[in-house]
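Letter by letter, the chains look like this.
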Amino acid sequence: MMDFINFLGSNLGDFWAYTGFANATWQHFAMIAIGIFFIYLAVAKEFEPMLLIPIGFGMLIGNIPFNMEAGLQVGIYEQNSVLNIFYQGVQQGWYPPLIFLGIGAMTDFSALISNPKLMLVGAAAQFGIFGAYMIALLLGFDPMQAGAIGIIGGADGPTAIFLSSKLAPNLMGAIAVSAYSYMALVPVIQPPIMRLLTTSKERVIRMKPPRAVSHTEKVMFPIIGLLLTCFIVPSGLPLLGMLFFGNLLKESGVTRRLAETARGPLIDVITILLGVTVGASTQASEFLTIDSILIFGLGALSFVIATASGVLFVKFFNLFLKEDNKINPLIGNSGVSAVPDAARISQHVGLEYDPSNYLLMHAMGPNVAGVIGSAVAAGVLLGFLL
Amino acid sequence: MNKNKFGILSMLLAVVVAFTSCGNKGEETLGNSKIIINEVLMVNETNFQDDYGMHSAWIELFNKSFGNVNIAGYKLECEIDGQAVKYTIPKGDVLTLIPSRQHTLFWADAQPNRGTFHVNFMLDSCSTTKDVTIRLYDSGDKLLDETTIPAGTLTLADQSYALKEDGVKESWEIKGAGTEKFVTPSTNNFTLDRNIKMENFTEKDPAGVGMAISAMVVVFSCLIILYIVFKCIGKISAWNAKRVAAKTKGLNEEETKEAMAKGSTPGEVFAAIAMAMHEMQEDVHDVEDTILTIHQVERRYSPWNSKIYSLRDLPKK
Chain A
1 MMDFINFLGS NLGDFWAYTG FANATWQHFA MIAIGIFFIY LAVAKEFEPM LLIPIGFGML
61 IGNIPFNMEA GLQVGIYEQN SVLNIFYQGV QQGWYPPLIF LGIGAMTDFS ALISNPKLML
121 VGAAAQFGIF GAYMIALLLG FDPMQAGAIG IIGGADGPTA IFLSSKLAPN LMGAIAVSAY
181 SYMALVPVIQ PPIMRLLTTS KERVIRMKPP RAVSHTEKVM FPIIGLLLTC FIVPSGLPLL
241 GMLFFGNLLK ESGVTRRLAE TARGPLIDVI TILLGVTVGA STQASEFLTI DSILIFGLGA
301 LSFVIATASG VLFVKFFNLF LKEDNKINPL IGNSGVSAVP DAARISQHVG LEYDPSNYLL
361 MHAMGPNVAG VIGSAVAAGV LLGFLL
Chain P
1001 MNKNKFGILS MLLAVVVAFT SCGNKGEETL GNSKIIINEV LMVNETNFQD DYGMHSAWIE
1061 LFNKSFGNVN IAGYKLECEI DGQAVKYTIP KGDVLTLIPS RQHTLFWADA QPNRGTFHVN
1121 FMLDSCSTTK DVTIRLYDSG DKLLDETTIP AGTLTLADQS YALKEDGVKE SWEIKGAGTE
1181 KFVTPSTNNF TLDRNIKMEN FTEKDPAGVG MAISAMVVVF SCLIILYIVF KCIGKISAWN
1241 AKRVAAKTKG LNEEETKEAM AKGSTPGEVF AAIAMAMHEM QEDVHDVEDT ILTIHQVERR
1301 YSPWNSKIYS LRDLPKK
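Protein sequences, first through last, are from chains A and P.
The numbering of the first sequence is this note's numbering, which starts it at 1 and goes up by one.
The numbering of the second sequence is this note's numbering, which starts it at 1001 and goes up by one.
Isolated chain P, as found in the complex (with noise of 0.2 Å):
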């Protein structure tokens, strides 16, 4: 095997071990699903209506990702007390494409026949008294997500089991208990109506001159580690090709060594050689006649019989 064969090789299995030791970051898995469950309503007696005007319990699911996700195929289910019913979610309806930072309501109200998002279990006032939990698959049955609204949580009527922060997975939270935190189907827990960022730039750097320091510092070190780089490059390729230059030559190790130590040769010296060369094949150039003739030369010429724009160029090796 040569070199280049076995350099190919290696590059080729890092690349792998990379990937693989890199885990599935881009896969979906419980956890970084793109579709999680947001918040939950079981007992539903004046909220949000169904499109067949029912208080029925719901399932609120939010696509976390900055791209649309279609869940046609995905799975809900619920189990309460050892006993799961799962839903598939039925294929060809637009409306499961749920776009993205968007938030989608599925119904529990063991009504399937109503419609894409209406399930086939039901959750009520009973189930509260019992640990619920709901689980999301996608179409191959890879667990998604799952959350377990704990016995006794959803003490009364219309509270909700909610994200503190839409596609947050870090704590819930109960609405509706209370004046300040209202029950949010279809739309965000979390209502952001400032600009936290601008806010805090606004307070605490006024004069704009921590970020001209901090910018600066970022756009130096981005040009510091390419200068580094390249001088490194630069000083790597000069001598690769001087110990090529000098194998040319024929020159032996000790020999090669000199050459190198002595440096490259200025370019002003190669633009004398090329000029002297050039002058004396110039002048023992022998003289032409210095009669012309031209002959016509029958060559239409276009570029649609042109092999430059229909053929790719080959590889050299």
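Next comes chain A alone, as it looks inside the complex (with noise of 0.2 Å):
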């Protein structure tokens, strides 16, 4: 009898040793934290719940404590692992291009095309990406590293997972969740900048309203679009290869179906999989580390440059225009990549000081553009770095 119980005493001790609260370290409990007010933000502030709801419950699933040592084969770094295989998506970088393709299948060019001009404040506000590549290399990140962290300031996740994928594959998790985090934090980190770098003058700038494009514009859009950027930067073909794609299947016109499944299903399925899957991949073991808090410092300062840059471009760009033809630099904070949030807080500020002044249209114009800057961008640091 007594075997029999040692027998079960040890079976049970054996399946505590395998449970999460045998298991679970301090670090365990901040991730889980951390995941949950992602999902407190996402819910009751409603900030960018698309992502925060899958990279905050990803966070959850990815530090749920278990044995390691035991070959359970469930955590996401484990080989062959559902989740690890779920990951692969985002370690081959094959989910970023297909998210790209569904962005130029929703993204209407027309204000860009329309006025063009627009698109240099897109390649000004990337100068928080170099801004904090330079800083990352001061506090001691090697340039591969200072890379991938810098292109956070693109503001646009799927790059920053492409790149860190390819430059610094150890840091992508925390690069993943602070490009994210701080997208979906746009409406704290930018207004306050654009109020401070604007004078009251500027804020009620009238701009031009955009001319009518046409069909035949729109189809040339993403074809010239691909040939010009990618000539000079092959290294960005994936991502530019996909968007532009993406685009002229929206805008040919006879292709609705397949831009319907690119705009909708396909970005839905893409954006599940690579939100919970970045969001596993902040297991505690691999995440909390000096690096991570550097990089989400990193992040918000790249924001912050990448912002200033783009509306300071502005009011550079005015002094060479005509009167009738100035821009607002309120829309400068849109040449950051997230697309449409910059171009909502343009909108926003700018209607807090003229009610009647909508700067969406033209706010949409360098935002897209700052989609195209990330990824030539993306592709410059490949070119130089890899």
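These are computed hints drawn from the structure, not numbers from a lab.
For every residue, glycine included, the Cβ atom is placed at its ideal position computed from N, Cα and C.
It is possible that some hints are incorrect.
List time: in silico DSS-like cross-link candidates among lysine-lysine, alpha-carbon distance up to 25 Å [unchecked claim]:
| no. | chain 1 | residue 1 | chain 2 | residue 2 |
| --- | --- | --- | --- | --- |
| 1 | P | K1091 | A | K218 |
| 2 | P | K1091 | P | K1034 |
| 3 | A | K322 | A | K166 |
| 4 | P | K1064 | P | K1086 |
| 5 | A | K315 | A | K218 |
| 6 | P | K1231 | A | K208 |
| 7 | P | K1231 | A | K322 |
| 8 | P | K1169 | A | K208 |
| 9 | A | K208 | A | K45 |
| 10 | A | K315 | P | K1247 |
| 11 | A | K117 | P | K1242 |
| 12 | A | K166 | P | K1064 |
| 13 | P | K1231 | P | K1197 |
| 14 | P | K1231 | A | K326 |
| 15 | P | K1231 | A | K218 |
| 16 | P | K1235 | P | K1247 |
| 17 | P | K1075 | A | K166 |
| 18 | P | K1034 | P | K1142 |
| 19 | P | K1075 | P | K1034 |
In silico contact screen, one side only, chain P against chain A (beta carbon under 7 Å); selected entries [to be verified]:
| no. | residue |
| --- | --- |
| 20 | A1072 |
| 21 | L1097 |
| 22 | L1156 |
| 23 | G1208 |
| 24 | V1218 |
| 25 | C1222 |
| 26 | V1229 |
| 27 | I1236 |
| 28 | W1239 |
Quick list of simulated restraints, FRET-style, between CB atoms [stated by the list, open to error]:
| no. | chain 1 | residue 1 | chain 2 | residue 2 | range |
| --- | --- | --- | --- | --- | --- |
| 29 | P | T1191 | A | L237 | 27 to 33 Å |
| 30 | A | L351 | P | V1209 | 34 to 40 Å |
| 31 | A | L237 | P | N1113 | 46 to 52 Å |
| 32 | P | A1274 | A | L321 | 43 to 49 Å |
| 33 | A | A70 | P | N1070 | 38 to 44 Å |
Hints given; two lone chains; assemble the complex.
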């Protein structure tokens, strides 16, 4: 009988060793708390729920403690586990181009085509990437890691994941979470900087209404855009290729079903997989490091630099423009490629100072130029560093 | 032939000319083959052993591309004193698939019955006194690569004749002659044990200013080019729209020029006209009686029976 009780006790002991309670550390609870906080932000504050819900819940999934010595093949970093198979899309970098396909299929480039000078605002805001790159170098990161961290300033989650998977795979979890977190926090980060850098007179500048764009121009844009940008930066091909392809599906007018799939079910499926696996990749044992905290700090800084450089560039650009052709500097923040959140911020802040001055359609120009700009910047970093 | 057909034909012709003038860069030819002869060892006394435990001469091939290449059906030829012997690499062996940037060895022991990687010609110490030419052909007998080892080059045993850098057909060297240059069967001739690009950045641009400036220049260049192109396209498009509008109105050449010089009508004008027309139509509209009868229509809808999901839109023209 005693033997039997010992046998049961030993089995229960083994079972206990496998439970989450026996393997939990304070780091796990810290990450679970962050995950719950993300879900709270998404549900209660409606900060980017499409991103924060999958990432937040992914954090819970990724931080359930388990016996890592047992070879249960449940962890995201364990070869051939289910989560690891999902994670391949992030590691191998094929989720981000598929997301870009959907973005292309849902983006209307008319604002940009009708006023192409706004493309330059999208280029200027990319200084956030390289500003953060320089600061990361100062903090002791090597050039490849600094490049991967800097891309957070592009405010483009898929690009950040794509680039970090190539340049610094060990930092990818922190970079992805940081990029998506700050994209969700665009309404908090950008307005104070926009107000600080503009005068009350500049905030009420009225821009000329955009002209009507013909169907031919809309069809030509993705074709010419792809050829020009990718001939200069071929390393941006996966992202830019899919972005422009998606846009051609939308604008051609004869592939409605394909465009609807790309901007609907396909992007939804990939967003779910991307969000949940990026969240799960923040496994405490791999994620809670000094580097991750530094990356979060640098990410915030890169958003600030990107916003400031976009706004300041518009002010500088206005020096060369005629009085009736001036650009409202409040759309400078939209040069970061958080589509369409950054453009919405321009609209909201603009309406605070002139309730009849609608900036949204103007801000969409630099916003989508920012998507192209950040993909080009990623291509440049890959070309220089890899 | 109408204008459209002529345009399409001209474009097709231009594409064909462009492709033919670009040469055959996509094709594998001598000089741009994916598989190349990378290293040859003719006298093997104490070097690498084959799977029979024998020290035989070997020829190393290298897949310099970033995709797998199956060399089944390819041919290896050895020519000494004008006498050439050709070996066809057998099909049906999974090992003939060479992964990207990987090597494979062929044993020059004249024992093809020992397996796929044992060729039907032999290289030995006698071969070193003559010029030896080794050629690689694809399955269609097209020459892909050729290497000649001049007589007297490999004077000692266990020396190899190898490319300095794997896959780069610029310069060859003799390996195994000293302590610094090792014979490297089935592995890289040149070991890259550091990231030179990154070291250069760390050394020459520690603050990242150079990177920031050059990268921003590239980003700006891309978007400036796009800006210029779409500025031009926009102007052409606006001009064309005005021309078409004038033509539709039936204006003559003079009147068309005049209308085009006036510039486009702002959107607000169209909005005002539309609003005025709408109001007018509403005002003159007769008053409907206010009894509304709703009949339920029996139409069971399911996405499965919708033609939208099974048919493609027909082209407009």
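Which hints from the list above does the structure break, by number from lowest to highest?
Violated hints: 1, 3, 5, 8, 9, 10, 13, 17, 20, 21, 22, 27, 28 and 32; rest satisfied.
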